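These are the residues of each chain, in order.
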Amino acid sequence: MKSFTLSFLFSIIMSSVFSQTSIPELIQSGNQKVLEDDYKGALYFYTKVLQIEPTNPEALYYSGIMKYNMQDFMNAINDFDNLAISDTNNVDLFYYRGNAKFKMKMLNEALADYSKALVLDSTDQDCLYNRAITLYYLDKKEESCKDLLKLRKLGVAKAEELWTEQCR
Amino acid sequence: MKNKLLIYYYLFIIGVCTITPITANSSVALVQEKKDYGIQDAKRPYTKPKDRPYLPKNLKAIPKSSQEKSKLDSVPKKALKRK
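As given, the protein sequences belong to chains A and B, one line each in that order. If you read the first sequence in our numbering, its first letter stands for residue 1, the second for the next number, and so on. If you read the second sequence in our numbering, its first letter stands for residue 1, the second for the next number, and so on.
Treat the hints with care, since some could be wrong.
[As the list claims (entries may be wrong)] List of simulated lysine to aspartate or glutamate pairs, EDC-like, C-alpha gap at most 16 Å:
#1 A/K33 with A/E53
#2 B/K35 with A/E161
#3 B/K43 with A/D124
#4 B/K50 with A/D87
#5 A/K150 with A/E161
Hint data in this document are derived by calculation from the structure and do not stem from the laboratory. Predicted, not measured: the structure shown is a model, and the values here were computed from it.
I would like the entire structure built from these sequences, with the hints used as guidance.
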């Protein structure tokens with residue numbers, strides 16, 4: 001009985017030790033799969049990390065992106081929501097969550113996310129462009145043109161095209 | 001009788017065909033379809049909070065307010081009361 005208890009305790013300690021050390025490796029394996037464009041394979045590793053540490057920011061972020069890439073936008077938003085609880089100053093998180101919400105046609109929510117990202121970093125051209133597009137679809141032409149004008153001044157070719165079509 | 005009905009039917013069709021384009025034209029501005037513009041979704045790697053270029057600005061802002069708060073905390077409550 002004593003040996004059983006000891007071996008049980010030993011296995012628990014060892015498993016926790018291994019699980020701790022394996023998180024960076026698991027993330028590395030996931031990242032490797034991303035390089036091979038194997039999003040499903042990558043998601044497997046990020047999910048493994050989240051089973052060990054459900055709030056791991058890197059795993060939540062990449063898990064969300066993998067789901068986004070696999071067009072599973074609702075679950076991607078879910079991961080980004082979980083990440084947003086602890087990581088409140090992440091422009092990329094709001095950018096991706098905005099994109100996922102845009103794809104789900106949740107335009108007002110997407111707009112809010114792009115605006116949050118731009119509060120953190122007003123020079124983020126992708127967020128500014130995506131907000132302009134979202135505003136365009138929300139029939140807020142004036143505000144959309146304001147964002148496009150900012151991008152034009154920064155020399156963004158795509159914005160120039162859109163501005164000529166919609167704002168001139 | 002049948003011929004009369006046919007004539008009415010043809011007149012109705014001709015009427016519809018002439019009116020529809022006119023009304024459709026007038027409502028073009030209202031029902032104008034949105035052009036399909038895609039968003040930018042370039043891949044972005046995860047950056048740790050300490051590596052974010054825009055964060056120091058925010059981090060500076062937080063201690064400042066907390067410092068002010070702590071200063072306020074250190075002031076005796078009586079001093080904050082209006083005389």
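Quick rundown of the hints versus the structure:
{"no.": "1", "hint": "A/K33 with A/E53", "result": "violated, 20 Å"}
{"no.": "2", "hint": "B/K35 with A/E161", "result": "holds, 13 Å"}
{"no.": "3", "hint": "B/K43 with A/D124", "result": "holds, 14 Å"}
{"no.": "4", "hint": "B/K50 with A/D87", "result": "holds, 12 Å"}
{"no.": "5", "hint": "A/K150 with A/E161", "result": "holds, 13 Å"}
Hint 1 from the list above is the single one not met by this structure.
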